[in-house]
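Peer 1: Sequence:
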Amino acid sequence: MEIAFSRLDERVAKFTLSGVSTSFANMLRRAMISEVPTLAIEDVRIYDNTSVLFDEMLAHRLGLIPLRTDLKVYKPRSECTCEGAGCSACTATYTLSVEGPKIVVSSDLIPQDPDAAPAEEGIPIIELAKDQKVVLEAHAVVGTGKEHAKWQATTACGYKNYPIIAIDARCDGCGMCIDECPRNVLETAQGKVRVIEGRQELCSLCRLCERACLAGGIGTEAAIRIGTDAERFIFVVESDGSMPVREIIERALQYIQRSSDDLVDVMNEITGEGTE
1 MEIAFSRLDE RVAKFTLSGV STSFANMLRR AMISEVPTLA IEDVRIYDNT SVLFDEMLAH
61 RLGLIPLRTD LKVYKPRSEC TCEGAGCSAC TATYTLSVEG PKIVVSSDLI PQDPDAAPAE
121 EGIPIIELAK DQKVVLEAHA VVGTGKEHAK WQATTACGYK NYPIIAIDAR CDGCGMCIDE
181 CPRNVLETAQ GKVRVIEGRQ ELCSLCRLCE RACLAGGIGT EAAIRIGTDA ERFIFVVESD
241 GSMPVREIIE RALQYIQRSS DDLVDVMNEI TGEGTE
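Its first residue numbered 1, the sequence shown is counted upward by one per residue in the working numbering.
A hint or two may mislead.
Under the rule of at most 25 Å between Cα atoms (straight-line distance), these lysine to any residue pairs were calculated in the SDA-like manner [what the hints assert, rightly or not]:
id: 1; residue 1: Lys-146; residue 2: Gly-84
id: 2; residue 1: Lys-160; residue 2: Gln-200
id: 3; residue 1: Lys-133; residue 2: Thr-93
id: 4; residue 1: Lys-133; residue 2: Val-98
id: 5; residue 1: Lys-192; residue 2: Asp-168
id: 6; residue 1: Lys-72; residue 2: Arg-258
id: 7; residue 1: Lys-146; residue 2: Glu-238
id: 8; residue 1: Lys-75; residue 2: Ala-119
id: 9; residue 1: Lys-146; residue 2: Lys-133
id: 10; residue 1: Lys-14; residue 2: Pro-182
id: 11; residue 1: Lys-192; residue 2: Ile-178
id: 12; residue 1: Lys-72; residue 2: Glu-10
id: 13; residue 1: Lys-14; residue 2: Gly-227
id: 14; residue 1: Lys-146; residue 2: Ala-85
id: 15; residue 1: Lys-146; residue 2: Val-266
id: 16; residue 1: Lys-146; residue 2: Ile-234
id: 17; residue 1: Lys-14; residue 2: Lys-146
Estimated spans, in silico, between C-beta atoms of each pair [unchecked claim]:
id: 18; residue 1: Ser-78; residue 2: Glu-231; range: 36 to 42 Å
id: 19; residue 1: Glu-99; residue 2: His-148; range: 26 to 32 Å
id: 20; residue 1: Thr-228; residue 2: Ala-156; range: 18 to 24 Å
id: 21; residue 1: Glu-201; residue 2: Val-264; range: 31 to 37 Å
id: 22; residue 1: Ser-97; residue 2: Gly-122; range: 15 to 21 Å
id: 23; residue 1: Asp-261; residue 2: Pro-101; range: 40 to 46 Å
Don't read these hints as lab results, they were simulated from the structure.
Glycine included, each C-beta is placed from N, C-alpha and C at the ideal position.
Whenever a hint applies, use it, and build me the whole structure from the sequences.
Peer 2: Here it is as structure tokens:
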């Protein structure tokens, strides 16, 4: 397996994963979406709410606000020594006290731990009219996306097969395929069509170029053919801001490694029992 990054910053990563099957690529995608733990608001104690939203709707909106998560500080309640009572090692506490007229945003949510503040400051929560008020206390805990979407660390996470563009000698450089390509992947050079350097990955596999070539009357088969590499995939991953996208990828791979080790252990136990 080989990973080559073409982009890697705090929020977005684009990389090519080579030497793996489609099943493994999809397993990595699912792990990044559903198996990376993050903080999210789970419990809300509302002291005053005279807004137009019911308490349940307000709590739901708070739960969907991405929170910065340091997994070296916070652990799941199931693994905490407080046994789920809620302590500083497994629970982040927030307060909200606002009065209208005002648009309440995520920056109005005051964290007890500044390092667990909302990932974005301007996320709108509710609009309060004059004399309307919201006063509450919220508690965030660690969970994963398989429990609820509010714990997903990614806002976008997907892959596609790596495109293979083959142009044979029958190409006469008419340019019809170039006109049809929506991603500007092709160009003409020396009377022939070729792939623009560095743009092959942008191919969306729509095959409009193939249809244009056939319409040109070259033959029963197009001079340009689009295929895919069965063991090579292009990933795009975007973090919601709760943690750097690099950490999301690393923790997803660690989850896959742990799951593989557990499966090997179980298989070894079964094999050992069968031979006794």
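Peer 1: Next, verify each hint and record whether it holds.
Peer 2: Structure-based check of each hint:
1. Restraint check for Lys-146 and Gly-84: the C-alpha separation of about 20 Å stays at or below 25 Å, so the hint holds.
2. Among the hinted pairs, Lys-160 with Gln-200 is consistent with the structure: their alpha-carbon atoms are about 13 Å apart, no more than 25 Å.
3. Between Lys-133 and Thr-93, the direct Cα distance comes to roughly 20 Å. Compliance with the 25 Å bound is thereby established for this hinted pair.
4. Between the alpha carbons of Lys-133 and Val-98 the distance comes to roughly 6 Å, so the proposed pair stays at or under 25 Å and holds.
5. Simply put, Lys-192 and Asp-168 have alpha-carbon atoms about 10 Å apart, close enough for the 25 Å limit, and the pair holds.
6. Restraint check: the Cα-Cα separation between Lys-72 and Arg-258 comes to about 18 Å, which is no more than 25 Å; the hinted pair holds.
7. Restraint check for Lys-146 and Glu-238: satisfied, since their Cα atoms lie roughly 18 Å apart, inside the 25 Å limit.
8. Restraint check for Lys-75 and Ala-119: the C-alpha separation of about 19 Å stays at or below 25 Å, so the hint holds.
9. With a C-alpha separation of about 34 Å, the suggested pairing of Lys-146 with Lys-133 is violated against the 25 Å cut-off.
10. A distance of roughly 21 Å separates the Cα atoms of Lys-14 and Pro-182; the hinted pair therefore holds under the 25 Å criterion.
11. This hinted pair checks out: Lys-192 and Ile-178 have alpha carbons roughly 11 Å apart, not beyond 25 Å.
12. For the proposed pair Lys-72 and Glu-10, the alpha carbon gap of about 18 Å is at most 25 Å, so the pair holds.
13. For a cut-off of 25 Å, the pair hint linking Lys-14 to Gly-227 stands: about 21 Å separates their Cα positions.
14. At roughly 23 Å between alpha-carbon atoms, Lys-146 and Ala-85 fall within 25 Å of each other, so this suggested pair holds.
15. A hinted pair counts as satisfied when its Cα atoms are at most 25 Å apart, and Lys-146 with Val-266 qualifies at roughly 23 Å.
16. For the hint linking Lys-146 to Ile-234, the alpha-carbon distance of about 24 Å falls within 25 Å, and the restraint holds.
17. Of the supplied pair hints, the one linking Lys-14 and Lys-146 holds, its CA atoms being roughly 24 Å apart against a limit of 25 Å.
18. At roughly 38 Å, the beta-carbon separation of Ser-78 and Glu-231 lies within the given 36 to 42 Å, and the hint holds.
19. The beta-carbon spacing between Glu-99 and His-148, approximately 30 Å, falls within the hinted interval of 26 to 32 Å.
20. For Thr-228 paired with Ala-156, a C-beta distance near 21 Å keeps the hint of 18 to 24 Å intact.
21. Checked against the hint of 31 to 37 Å, the C-beta distance between Glu-201 and Val-264 comes to roughly 35 Å, which is consistent with it.
22. For the hinted restraint 15 to 21 Å between Ser-97 and Gly-122, the CB-CB distance of approximately 19 Å keeps it satisfied.
23. Remark: the range hint 40 to 46 Å for Asp-261 to Pro-101 is contradicted by a beta-carbon distance near 57 Å.
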